[in-house]
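K.L.:
For this one, chain A is given, so just place chain B on it according to the hints.
Residue strings, one per chain:
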Amino acid sequence: MVHIADGVLPAWMLVAGFLATSALLYFSLYKTTAEEIPKVSLVTAALFVASLAHFPVGPTSVHLLLDGLAGIMLGRRAFASVFVALALQAAFFQHGGLTALGVNALNMGIPALLAWQIFQRRLSFELPNREFIFGALAGGTAVLLAALMVFAELLAIGEGFREISMLVLASHVPVILVECVVSGSAAGYLARTRPEMLCTMNYAQI
Amino acid sequence: MGLLMLSIVTLQSLVLASMGLAISFGFLVLSRISWKRVAGNLRWPVLFFMPFLLILPFTVEGEAVASLSYLSASRQGSLLGLLIFLKGCAAVILAQVLQGCCPFSVTALALRDLGVPDSLVQIFLFTYRNIDLLGQELSSSFRSMSARGFERQSNSRTARVYGNAFGALLLRSLARSERMFFAMVSRGYDGHLPKIKARRMNLWDWMKALSVVFMALALQSPGVMGWSML
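So the sequences go chain by chain: A and B.
Residue 1 is where the first sequence starts when you use the numbering used here, and the numbers rise one by one after that.
Residue 1 is where the second sequence starts when you use the numbering used here, and the numbers rise one by one after that.
Possibly wrong hints are sitting among the right ones.
[Stated by the list, open to error] Cut-off 16 Å, straight-line C-alpha distance, at most; resulting in silico cross-link-like pairs (EDC-like, lysine to aspartate or glutamate):
#, chain 1, residue 1, chain 2, residue 2
1, B, K195, B, D113
2, B, K197, B, D113
3, A, K31, B, D190
4, B, K195, B, D118
5, A, K31, B, D118
6, B, K197, B, D132
In case anyone wonders, no lab produced these hints; they're calculated from the structure.
Bound-form chain A, shown alone (with noise of 0.2 Å):
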């Protein structure tokens, strides 16, 4: 539900959209080394995959969106990330819509930022499981701040959606901890196998 379809949204939010991603994906490969575009599709590989994968919630199942993991280790490259891995999902499983893709990845690319950002202030803490807190807090507040952007969204279109964008935020609480869990668990698995693939860019080094 957190990749909105075409047809819904109006015209002045989709252009809205495809101005704002256009620049953050400036920002997202200002610089991009020869050695990093390797490195930034094989980890956008690796998410899109891993974010097919369902997870049982009680007699469903839920697919998740990796968002927070993305902004983990890619820093500010995870904009760019998102915006691929959502194109690719619009134009081969028709999740989300190719006109609606501005919109969508600024929806779930702003938060893989927040979560990057989230998961930097680790480094002020001693903690002996600091990865996994952290991580897990990134992973659940990029879920939860992409459900709040679908929310605003799809409530600035009109009244009579006010229903369906409370749905939309209702649905992704089981997703939300599924995400705090699961990222944090990846993020606790790299920092003891190796943690340098975690990403320890900061804006003062961009």
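P.N.:
Okay, now just chain B, sitting in the frame of chain A:
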């Protein structure tokens, strides 16, 4: 084609949206893409549009056309739900035509010719090429976990196992990206795609492109002129 999609999804009339859907079907016939495949790919968008079709009649205020217990469905809400459904289906069909008519590498190189940054086009190409491979690796991880007695349940243990499996997949993907980078460097890779002379458009290409632009503008013209078309 992107312009036509944008034109269709911004329509505000049922008649024009139906015409947009008819145009999309026309392109689908011309493209000779399997209808079965398109119908299969439509299931996710249709699932997404269902809440709009089913909920909007009861949440948008207007002239009541039916009532269910204490709820009443409005004409305006029903039409709005139908409008979103028609526009969405038309755009999804056009997206299938766009993606199904040529290999993805051709589409990606066309994006570069249209001014998309080289680094972004490369990320598109490398990601696309590795999705299947990493998908198989993740499936094999889940298979081996099942063989060792792991059962998916709605609990935190399953979430932790998923997290570790994704972590391992990311680890392998990074190792693969390093090998890929060194292999490419040994073949002269310097961070840029090799320059290929852009294909020139001939008269027939221009005619096809202009006809698509004309259709996009024609669909918008009644709205611009202020003509009422439901």
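K.L.:
Hints the structure violates: just list their numbers, smallest first.
P.N.:
6
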